[in-house]
Amino acid sequence: MKSRVFLVVFILLALAAGALLFVPAERATAESDAAARAASVEAAHRAHLPPTQGSGLYQYDLPVGRRFDAAQVFDPAPPPFEPAPNGLREYTLVIQEDVEHEVAPGIKLPAWTFNRTVPGPVLRATEGDTVRITVVNNGSLPHTIHFHGIHPANMDGVFELIPPGGEYTYEFVARPYGIMPYHCHSMPTSQHIHNGLYGMLIIDPKGGRKPMRELAMVMSAFDLDRDGEADFYAWNGRAFQYTDHPIELKRGEPVRMYVMNIFEEAMVPHMHGTLYQLYPSGTSLTPTEYTDVKTLNIAERAILEFSYDFPGTYMFQCHVTEHMEQGLMGWFKVVDEKTEARSHH
Amino acid sequence: MPVLLLAGILYLLFARGTGLELEAPAPIEKVEFERVVLQPGRIAAHVINTGPEPVTIAQVQVGWLNRASWQFEVAPDPTIPRLGRATVTIPYPWTPGEPYEVVLITTNGLLFTHDIEVAQETPTPGGGLLGTFALLGVYVGVIPVFLGILWLPFLRRLPPRAYYFLLSLTAGLLVFLGVDALEDALENAARVPGPFQGVALILIGLSLSLLGLYAISSWLKQKRQAASKAGQETSLSTPLLLAYTIAFGIGVHNLGEGLAIGGAYALGEFATTLLLIVGFMVHNLTEGIAVVAPVVRSEFKWIHLLWLGLLAGAPTIAGTLLGAFAYTAVWAVLFLAIGAGAVFQVVIEITRHMNRQGGSPLVFSGPSVAGFALGLAVMYVTALFVTV
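Line by line, the protein sequences are chains C and Y. The opening position of the first sequence corresponds to residue 1 in the working numbering, with each subsequent residue numbered one higher. The opening position of the second sequence corresponds to residue 1 in the working numbering, with each subsequent residue numbered one higher.
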């Protein structure tokens with residue numbers, strides 16, 4: 001008899017608890033209502049993000065203390081076009097390993113460098129000049145410099161390794177005109193290039209190009225954990241440096257950008273708010289295309305000429321969104337000369 | 001004296017060097033993720049520095065198809081001392097159902113990554129969800145145990161020799177549960193941050209619960225013996241005491257099950273959550289039988305059944321709540337190990353009980369062995385519902 005009582009009590013208990021279960025189910029349905037969700041996301045965005053800034057991507061809203069110092073920014077201006085004394089252009093490049101390089105604000109890597117910068121300095125010569133480059137190897141590994149261009153075999157920087165502590169002088173006649181990459185070709189070359197031993201040599205046609213405001217930009221990337229996937233991409237060696245410190249341009253001013261891709265992925269330099277005249281490899285004086293995207297494959301380079309019709313802040317980026325989001329973006333701040341002049345007086 | 005000598009030797013070692021190059025060629029840093037909380041428009045990563053040196057978080061990237069550098073804040077400070085904790089808050093407009101990757105990059109360029117398999121808002125302890133998870137605990141833990149207890153009238157009608165068969169069956173169920181809990185504990189131990197030594201936590205939880213329960217039950221027995229010597233009647237008979245011990249062991253075990261359910265939900269593994277709910281419900285039906293098996297042939301006040309059921313089932317509620325709102329691998333490992341220890345202690349207790357009744361001929365009799373085997377088999381089959 002007693003056991004019957006348990007039975008009834010327990011079945012009732014179980015049923016009551018079971019009935020309760022339908023209550024949260026209804027609540028859950030209400031919560032998954034799409035409109036309610038969208039509203040809550042929007043509210044959260046308002047709470048966490050400044051209303052005028054559409055994204056939390058850190059470059060839109062720089063956190064204090066996480067910018068590059070202005071002194072560290074790689075000057076985008078190449079050396080000016082000028083005749084070499086006696087037609088001889090001389091440079092000295094000192095190779096060092098484990099130079100601290102801040103690749104993104106706060107992140108310092110041991111880089112291998114020409115003259116302590118990544119990329120190395122922009123070299124410039126005029127077609128027909130004799131270029132004499134003394135390379136001092138202050139590293140612990142053999143290094144070389146391999147120049148793209150037309151030159152004798154022993155000036156190609158592949159077989160003549162410069163031992164640690166050694167020195168070597170490369171001498172050749174600059175030709176043809178265009179943008180010629182230079183980089184270490186010591187094996188493993190992948191490591192020597194990745195670690196920072198690369199740069200740009202600009203060879204001007206005799207008499208030079210039409211004078212303009214000039215910028216030199218090397219596109220490269222950095223794989224911090226050596227997993228074969230780059231972690232930061234950069235204009236001139238530092239991710240986001242030209243968003244931290246925008247490049248000022250004048251409205252209507254013609255601009256020439258020497259751009260080179262030295263990473264092992266295709267890159268797509270893209271200007272916002274304007275299009276550019278494209279001179280592939282810079283080896284012609286006639287543009288081949290008027291566009292705003294041009295895929296630069298590995299070690300490919302180009303001259304881009306453009307100007308801005310309207311003042312304001314414009315992004316210049318690599319159109320590979322991953323590259324952009326990991327550092328290959330910057331700002332052009334286009335100012336109206338007249339407005340500026342007025343505000344000064 | 002030996003301590004002084006050791007100190008002297010250590011001094012010499014540090015003063016003169018070990019003769020080995022102990023300066024690491026690359027910085028050794030380790031940051032581990034304890035919990036990642038997703039709120040609309042925001043990802044918060046709770047991390048701990050388990051490396052030998054302080055670590056400074058310099059950049060954060062959030063990966064969807066590709067990674068993007070993102071704005072972030074670190075509280076209390078981007079520099080985290082050894083074994084220190086910090087919360088990295090990232091105002092990222094994640095969308096539900098998408099996979100993400102959170103990457104912290106230190107000043108030395110080391111990357112620490114956490115995968116969010118399926119993004120889903122992390123439950124926060126609000127009234128509604130709290131109720132839902134408590135109810136889930138009732139659903140998974142309490143109800144099935146009571147449903148199992150409902151077998152009692154049927155069990156009472158079984159012939160006397162079936163009693164030992166039932167006890168052995170219970171032992172079989174419990175051994176399975178214990179091993180199961182240990183396996184889960186080991187699995188979670190892999191996720192415990194290094195310095196907290198997941199496997200050592202298992203050892204500590206397991207041995208402390210085993211010995212602790214043993215101490216409590218012998219203390220209770222002594223008390224009862226003293227009382228019966230004094231000629232007093234006690235309400236706790238040996239079988240009832242055994243039933244309570246079993247209920248306690250199962251209770252701690254169910255806490256672990258609750259943690260698994262809540263934890264799976266908190267980690268966004270919804271398919272697993274559902275599977276666990278259904279599976280544990282079926283699984284736990286058998287636990288009711290285990291609880292009442294010792295008292296099948298004895299008289300007791302029926303209110304004890306209520307307490308037994310609650311003791312065995314109610315900890316599931318605590319488990320689901322803890323798991324959903326405060327899941328960390330350290331707690332999961334500790335509770336699972338305690339549960340396993342409790343369950344093993346109960347098996348020992350049952351064996352001793354049977355040994356006292358009939359010695360080893362009874363313990364190893366046909367029905368006992370068959371019961372034990374059936375217990376394992378039942379658990380194996382019901383566990384098919386939970387195993388992913």
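I should point out that these hints are in silico values taken from the structure, not numbers from a laboratory. The C-beta atom is built at its ideal place from N, Cα and C for all residues, glycine as well. Careful: at least some of the hints might be erroneous.
Among chain C residues calculated to face chain Y with C-beta under 8 Å, some are [unchecked claim]:
id	residue
1	D98
2	E100
3	A104
4	G106
5	L109
6	M212
7	R213
8	D225
9	G228
10	A239
11	L275
12	T321
13	E322
14	Q326
Hint numbers contradicted by this structure: 1, 2, 6, 7, 9 and 11
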